[in-house]
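Student: Take a look at the letters that make up each chain.
There are 2 protein chains.
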Amino acid sequence: MKTITETKIAATHPLGELMQTNRRPSVLGSAELAVVARAESAALAAARHYFEKEGFTEVTVPHITQVTGACENIDTLFELDYFGESGYLVQTGQLYLEALISRLGKVYCIGPSFRAEPDIDERHLTEFTLVEIEFPGDFEQLLAHMENITYAMIHAAASCEALAELGINTGRLKAVKKPFARMTYDEAIKKLQQHGIDISWGDDLKSKHEKLLAGDSPLFITHYPEKIKFFNMRRNGLHVNSCDLILPRSGEAAGAAEREHDHKLLCEKLVNSEMYEKLRKRGKDVKDFKWYLDIVEKYPIQHAGCGIGLNRVMQFILDTDDIRACTPFPMNRESLM
Amino acid sequence: MKTITETKIAATHPLGELMQTNRRPSVLGSAELAVVARAESAALAAARHYFEKEGFTEVTVPHITQVTGACENIDTLFELDYFGESGYLVQTGQLYLEALISRLGKVYCIGPSFRAEPDIDERHLTEFTLVEIEFPGDFEQLLAHMENITYAMIHAAASCEALAELGINTGRLKAVKKPFARMTYDEAIKKLQQHGIDISWGDDLKSKHEKLLAGDSPLFITHYPEKIKFFNMRRNGLHVNSCDLILPRSGEAAGAAEREHDHKLLCEKLVNSEMYEKLRKRGKDVKDFKWYLDIVEKYPIQHAGCGIGLNRVMQFILDTDDIRACTPFPMNRESLM
Numbered sequence: 003m004k005t006i007t008e009t010k011i012a013a014t015h016p017l018g019e020l021m022q023t024n025r026r027p028s029v030l031g032s033a034e035l036a037v038v039a040r041a042e043s044a045a046l047a048a049a050r051h052y053f054e055k056e057g058f059t060e061v062t063v064p065h066i067t068q069v070t071g072a073c074e075n076i077d078t079l080f081e082l083d084y085f086g087e088s089g090y091l092v093q094t095g096q097l098y099l100e101a102l103i104s105r106l107g108k109v110y111c112i113g114p115s116f117r118a119e120p121d122i123d124e125r126h127l128t129e130f131t132l133v134e135i136e137f138p139g140d141f142e143q144l145l146a147h148m149e150n151i152t153y154a155m156i157h158a159a160a161s162c163e164a165l166a167e168l169g170i171n172t173g174r175l176k177a178v179k180k181p182f183a184r185m186t187y188d189e190a191i192k193k194l195q196q197h198g199i200d201i202s203w204g205d206d207l208k209s210k211h212e213k214l215l216a217g218d219s220p221l222f223i224t225h226y227p228e229k230i231k232f233f234n235m236r237r238n239g240l241h242v243n244s245c246d247l248i249l250p251r252s253g254e255a256a257g258a259a260e261r262e263h264d265h266k267l268l269c270e271k272l273v274n275s276e277m278y279e280k281l282r283k284r285g286k287d288v289k290d291f292k293w294y295l296d297i298v299e300k301y302p303i304q305h306a307g308c309g310i311g312l313n314r315v316m317q318f319i320l321d322t323d324d325i326r327a328c329t330p331f332p333m334n335r336e337s338l339m
Numbered sequence: 003m004k005t006i007t008e009t010k011i012a013a014t015h016p017l018g019e020l021m022q023t024n025r026r027p028s029v030l031g032s033a034e035l036a037v038v039a040r041a042e043s044a045a046l047a048a049a050r051h052y053f054e055k056e057g058f059t060e061v062t063v064p065h066i067t068q069v070t071g072a073c074e075n076i077d078t079l080f081e082l083d084y085f086g087e088s089g090y091l092v093q094t095g096q097l098y099l100e101a102l103i104s105r106l107g108k109v110y111c112i113g114p115s116f117r118a119e120p121d122i123d124e125r126h127l128t129e130f131t132l133v134e135i136e137f138p139g140d141f142e143q144l145l146a147h148m149e150n151i152t153y154a155m156i157h158a159a160a161s162c163e164a165l166a167e168l169g170i171n172t173g174r175l176k177a178v179k180k181p182f183a184r185m186t187y188d189e190a191i192k193k194l195q196q197h198g199i200d201i202s203w204g205d206d207l208k209s210k211h212e213k214l215l216a217g218d219s220p221l222f223i224t225h226y227p228e229k230i231k232f233f234n235m236r237r238n239g240l241h242v243n244s245c246d247l248i249l250p251r252s253g254e255a256a257g258a259a260e261r262e263h264d265h266k267l268l269c270e271k272l273v274n275s276e277m278y279e280k281l282r283k284r285g286k287d288v289k290d291f292k293w294y295l296d297i298v299e300k301y302p303i304q305h306a307g308c309g310i311g312l313n314r315v316m317q318f319i320l321d322t323d324d325i326r327a328c329t330p331f332p333m334n335r336e337s338l339m
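Protein chains in written order, with this note's numbering: chain A, 3 to 339; chain B, 3 to 339.
Keep in mind that the hints were calculated from the coordinates and are not lab data.
Fair warning: there could be bad hints in the mix.
Repeated chains share a single entry, so a pair holds when one copy, or any two copies, can fit it.
Here are the simulated BS3-like pairs of lysine-lysine, each with C-alpha atoms no more than 30 angstroms apart in a straight line [what the hints assert, rightly or not]:
#, residue 1, residue 2
1, Lys-283, Lys-213
2, Lys-266, Lys-289
3, Lys-176, Lys-108
4, Lys-289, Lys-55
5, Lys-208, Lys-176
6, Lys-55, Lys-108
7, Lys-271, Lys-289
8, Lys-108, Lys-193
9, Lys-176, Lys-55
10, Lys-179, Lys-55
11, Lys-180, Lys-271
Using the sequences and the hints, build the whole thing.
Tutor: The following block contains the structure:
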């Protein structure tokens with residue numbers, strides 16, 4: 003049941019009819035859904051043009067995996083019976099891409115990322131498209147790629163005339179300039195505290211915090227504390243060389259980091275991670291990461307990468323807080339079809 | 003355990019080391035695998051360039067579905083617990099693409115297709131990349147698109163210098179010309195019978211038959227009997243307006259058809275199909291196809307589409323009978339990682 007406020011937003015936003023998943027087939031032939039599909043397609047094409055221009059190789063990664071296909075949020079893995087063994091629906095192709103950079107250099111994949119999220123709301127989907135890259139290189143090169151890819155996606159979609167015809171403000175998008183603003187996690191915490199928000203160093207940022215910090219423009223928040231991030235992000239004191247891209251409307255739209263390529267340190271970081279603690283409770287251990295750890299040992303190359311959530315970028319493009327309006331087939335508990 | 007013949011092939015083919023899945027991590031950094039990845043990426047890019055040039059919209063289809071995500075081979079569905087309901091890993095995005103053509107016109111998707119195939123051999127994978135299109139139009143337009151897409155993929159990959167450097171003959175590929183040869187299913191049966199093969203009208207063609215008919219060049223086999231094809235292929239007497247693309251080395255590399263857009267006939271064809279019989283045994287019925295049937299009723303547009311198996315096209319490109327050598331992460335029962 004929608005609240006009065008939700009109903010009001012849906013009624014006034016040009017994509018209001020799409021902000022639902024309980025009667026999705028009824029909107030598949032609508033003009034609004036066609037605009038969303040065209041804008042999504044334009045954004046994807048822009049990312050791919052960038053990858054081609056920059057010499058990235060597209061890789062088809064596996065979509066049923068062992069736990070090496072999980073992101074840090076182990077609790078949301080979809081499990082299935084893979085011939086008597088546990089298989090999981092992939093959440094990130096990151097480690098599979100990393101395995102190929104020694105020979106291929108810059109690589110990317112675009113495909114579904116799965117989360118067993120039971121919530122039916124404006125923020126959660128059970129599958130969404132992730133644009134992922136890995137490459138030999140450093141943190142500054144990483145931020146440049148993220149900025150260029152996202153900038154290209156935003157400006158390509160902004161050129162879709164149908165957006166403006168539907169009444170979606172594209173001026174916001176055309177106003178996006180490079181370089182994106184930057185602040186460190188430490189600066190972000192201080193700024194939030196100055197706003198009277200009850201948050202301490204070491205806490206993860208919530209979506210409302212991210213939106214407050216970003217305001218109307220893309221924002222990079224860099225150098226998060228090591229303990230709240232994925233085990234293979236490269237250590238830098240108490241921090242890691244990580245970066246989240248925050249966009250208006252959506253909050254965190256991309257996560258990125260330089261990867262740890264010191265094999266000994268990587269093994270240590272894995273077994274001390276919160277994710278590993280959760281994995282141990284599921285009967286998993288270091289052996290499940292053996293193939294990946296072996297590759298890092300064999301090819302200790304400085305490298306970095308990121309995952310950009312297509313639907314989160316589309317939230318900014320389509321000017322909506324509701325991710326269900328941002329793709330033709332938004333998937334959650336009630337929208338299986 | 004490999005037979006002596008298999009070992010001989012593996013030893014003499016430039017990609018011999020990749021014709022295995024039981025120790026896959028060991029080849030991820032190899033020069034051969036990098037060539038395969040680059041050729042695959044080039045083929046994908048060529049298909050997408052064609053789609054852009056022709057004005058196709060890329061659609062992100064769901065990858066967990068109800069039975070409307072199944073192809074005719076219901077027995078190979080991967081099932082998973084989707085919040086207490088049965089979900090299936092998608093085998094084809096076809097019906098989801100079809101749902102959008104009334105407004106979007108030409109659409110495509112490229113993504114994983116899943117099959118719960120327990121066999122560990124040179125022909126079976128549990129997931130593979132499928133390039134799918136749907137568009138308002140007729141059978142001749144369909145064959146033209148299939149020919150153009152496949153031609154573009156083959157010639158783009160043939161230009162990868164690394165292929166020739168590895169000792170893979172690219173002359174075969176550069177010799178591929180349009181239009182592709184064509185024969186009807188009825189002609190194919192007659193030709194096979196003339197070769198002394200024990201086959202009757204109504205039998206499906208086996209891989210060895212397809213390879214015999216194709217010889218060294220791509221071949222379209224059109225107008226199969228209705229009863230051996232997917233329920234929504236458009237009826238044409240006892241046949242359907244269907245087309246399989248046969249390639250040297252791989253056999254059937256693509257399936258295509260004009261779709262039935264007569265709602266009454268479509269419903270009738272569904273309930274009389276062999277697939278429906280299998281679905282009934284699983285407790286499914288017409289209601290499971292309601293959203294799709296409703297859309298065809300609402301938008302009765304002449305349309306057609308095809309699904310091209312990327313890895314099968316790569317078999318021809320890489321000149322191998324072993325599909326495991328044709329993608330960086332070939333997935334089967336033993337290669338979960």
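Student: For each hint, tell me whether it holds in the structure or not.
Tutor: Consistency of the hints with the structure:
1. Taking the shortest alpha-carbon separations for Lys-283 and Lys-213, neither the intra-copy value of 35 angstroms nor the inter-copy value of 51 angstroms comes in at or below 30 angstroms.
2. For the identical chains of this complex, Lys-266 and Lys-289 are intra-copy neighbours only, at 15 angstroms inside a copy versus 56 angstroms across copies, given an alpha-carbon limit of 30 angstroms.
3. Proximity of Lys-176 and Lys-108 under a CA criterion of 30 angstroms is satisfied in both settings, with 29 angstroms inside one chain copy and 28 angstroms between copies.
4. Proximity of Lys-289 and Lys-55 under a CA criterion of 30 angstroms is satisfied in neither setting, with 38 angstroms inside one chain copy and 47 angstroms between copies.
5. Proximity of Lys-208 and Lys-176 under a CA criterion of 30 angstroms is satisfied intra-copy only: 27 angstroms inside one chain copy versus 55 angstroms between copies.
6. When the C-alpha separation of Lys-55 and Lys-108 is checked against a cutoff of 30 angstroms, the pair qualifies both within a copy, at 12 angstroms, and between copies, at 26 angstroms.
7. Taking CA atoms no more than 30 angstroms apart as the test, Lys-271 paired with Lys-289 passes inside one copy only; the shortest distance there is 15 angstroms, against 51 angstroms between copies.
8. For a Cα distance limit of 30 angstroms, the shortest separation of Lys-108 from Lys-193 qualifies neither inside one copy, at 36 angstroms, nor across copies, at 49 angstroms.
9. Taking the closest pair of Cα atoms, Lys-176 and Lys-55 come within 30 angstroms of each other both inside a single copy (22 angstroms) and across two copies (25 angstroms).
10. In this homomeric assembly, Lys-179 and Lys-55 come within 30 angstroms of each other (Cα to Cα) both inside a single copy, at 20 angstroms, and across copies, at 29 angstroms.
11. In this assembly of identical chains, the alpha carbons of Lys-180 and Lys-271 never lie at most 30 angstroms apart, being 34 angstroms within a copy and 56 angstroms across copies at closest.
In the structure shown, a violation is registered for the earlier hints numbered 1, 4, 8 and 11, in ascending order.
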